[in-house]
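> First to last, the protein sequences are chains A and B.
Counted the way the working numbering counts, the first sequence spans residues 15 to 126.
Counted the way the working numbering counts, the second sequence spans residues 478 to 591.
Warning: the hint list may mix true and false statements.
[As the list claims (entries may be wrong)] Which stretches of chain A does chain B cover? Using the computed rule of at least three CB atoms under 8 angstroms from a CB of chain B, they are: (1) 47-58; (2) 83-90.
[Stated by the list, open to error] Here's a subset of chain A near chain B, in silico, CB distances under 10 angstroms, partners left out: (3) Val18; (4) Met21; (5) Lys63; (6) Ser99; (7) Phe103; (8) Ala105; (9) Asn112; (10) Met113; (11) Thr115; (12) Phe116.
[Claimed, not checked] With beta-carbon atoms standing in for the labels, derived distance ranges: (13) A/Thr42 <-> B/Thr521: 13 to 23 angstroms; (14) A/Met123 <-> B/Thr556: 11 to 21 angstroms; (15) B/Gly517 <-> A/Ala31: 18 to 28 angstroms; (16) B/Thr556 <-> A/Thr34: 24 to 34 angstroms; (17) A/Ser17 <-> B/Phe538: 15 to 25 angstroms; (18) A/Glu83 <-> B/Ile540: 37 to 47 angstroms; (19) A/Gly55 <-> B/Pro562: 42 to 52 angstroms; (20) B/Leu591 <-> A/Thr34: 20 to 30 angstroms; (21) A/Asp68 <-> B/Glu531: 37 to 47 angstroms; (22) B/Glu563 <-> A/Gly92: 35 to 45 angstroms; (23) B/Thr494 <-> A/Ser72: 44 to 54 angstroms.
Just so you know, these hints were derived from the structure itself, not from any lab.
We treat Cβ as the ideally placed atom computed from N, Cα and C, and that holds for glycine.
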Amino acid sequence: GNSVTQMEGPVTLSEEAFLTINCTYTATGYPSLFWYVQYPGEGLQLLLKATKADDKGSNKGFEATYRKETTSFHLEKGSVQVSDSAVYFCALSVNAGNMLTFGGGTRLMVKP
Amino acid sequence: SAVISQKPSRDICQRGTSLTIQCQVDSQVTMMFWYRQQPGQSLTLIATANQGSEATYESGFVIDKFPISRPNLTFSTLTVSNMSPEDSSIYLCSSGRGQGETQYFGPGTRLLVL
């Protein structure tokens, strides 16, 4: 079956620190990979995506590269801000239908 | 990007009652999905709502507990029936068109069952 594993949180960083949130996956088929973000009290927003190997998704200073050889899609940001404090979800979809399989979520807390 | 709205945004309900959640998309979409997010947890797919056919439920979810309607390509409802405190969660709908297409989420319905 399909599954997504991401590092457990919470991750606590100081402002301007470098961020990495690890995500690995197993999938039957060739998945598309996503990072979603959930700010406090809000719904889920797409942060970035990649649909094939070696693609790099990027948005708002966040990046993630689709690594088929290591089945990974790690999220990175060079300099985090307090406003980046949220829960981050790694997810995949395979085949038709587009339903998503989510990782457990990683809470990021950025302190000034 | 698709704009998705949900009603109600939140509700507090009594044990044994039912609540129907509405999801509206601003464009026609093939697939709509319903997810549950229990407190502090990740999202779990409840079912896929297909227009013109019965919903497809994931393991652990049944139609009697979570009946779904999909009367057209822009609208769906999820009913949480005979509620218990264990049903307290955020319920989210999402839409997508095909493999690789981005899936967008509604703002969620926060349900508390007393």
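> Against this structure, judge whether each hint is valid.
Checked hints:
Proximity of the stretch 47-58 of chain A to chain B, defined as three or more residues with a beta carbon under 8 angstroms from a beta carbon of that chain, is established by the 5 residues found. A stretch counts as covered by a chain when three or more of its residues have a beta carbon under 8 angstroms from one of that chain; for the stretch 83-90 of chain A and chain B the count is 0, and the coverage is violated. For A/Val18, the interface hint holds, the least distance from its beta-carbon to any beta-carbon of chain B being 9 angstroms, beneath 10 angstroms. Using the Cβ-Cβ criterion of 10 angstroms, the hint placing A/Met21 at the interface with chain B is not satisfied: the shortest such distance is roughly 13 angstroms.
At about 6 angstroms, the closest approach between the beta carbon of A/Lys63 and any beta carbon in chain B falls short of 10 angstroms, and the interface hint on this residue holds. Interface hint status for A/Ser99: violated, as the beta-carbon distance to the closest one in chain B is roughly 16 angstroms, over 10 angstroms. Contact between A/Phe103 and chain B, as hinted, is supported at the beta carbon level, the nearest pair being about 6 angstroms apart and thus within 10 angstroms. With 10 angstroms as the threshold, the beta carbon of A/Ala105 comes within range of chain B, its nearest partner Cβ sitting at about 8 angstroms, so the hint holds.
Because the smallest distance between the Cβ of A/Asn112 and any Cβ of chain B comes to about 3 angstroms, under 10 angstroms, the interface hint for this residue holds. A cut of 10 angstroms between beta carbons decides the hint on A/Met113: the least distance to chain B is about 6 angstroms, and the hint holds. Checking A/Thr115 against chain B: minimum C-beta separation of about 8 angstroms stays under 10 angstroms; hint holds. With a cut of 10 angstroms, the hint placing A/Phe116 at the interface with chain B holds, because the nearest CB-to-CB distance is about 5 angstroms.
Under the hint 13 to 23 angstroms, the C-beta atoms of A/Thr42 and B/Thr521, about 19 angstroms apart, fit the expected range. Checked against the hint of 11 to 21 angstroms, the C-beta distance between A/Met123 and B/Thr556 comes to roughly 36 angstroms, which is inconsistent with it. Separation of B/Gly517 from A/Ala31 is about 24 angstroms and conforms to the stated range, judged on CB atoms against 18 to 28 angstroms. In this structure the hint that B/Thr556 and A/Thr34 lie 24 to 34 angstroms apart at CB is violated, the actual value being about 41 angstroms.
Between A/Ser17 and B/Phe538 the C-beta distance comes to about 18 angstroms, which sits within the given range of 15 to 25 angstroms. At roughly 42 angstroms, the beta-carbon separation of A/Glu83 and B/Ile540 lies within the given 37 to 47 angstroms, and the hint holds. The given range of 42 to 52 angstroms is broken by A/Gly55 and B/Pro562, whose C-beta atoms sit roughly 21 angstroms from each other. For B/Leu591 and A/Thr34, the hinted distance range of 20 to 30 angstroms is not satisfied, since their beta carbons lie about 41 angstroms from each other.
For the pair A/Asp68 and B/Glu531, the beta carbons lie near 40 angstroms from each other, so the given range of 37 to 47 angstroms is met. At roughly 42 angstroms, the beta carbons of B/Glu563 and A/Gly92 sit within the given window of 35 to 45 angstroms. A hinted range of 44 to 54 angstroms holds for the C-beta pair B/Thr494 and A/Ser72, which are about 46 angstroms apart.
When each numbered hint is compared with the structure, violations occur for hints 2, 4, 6, 14, 16, 19 and 20.
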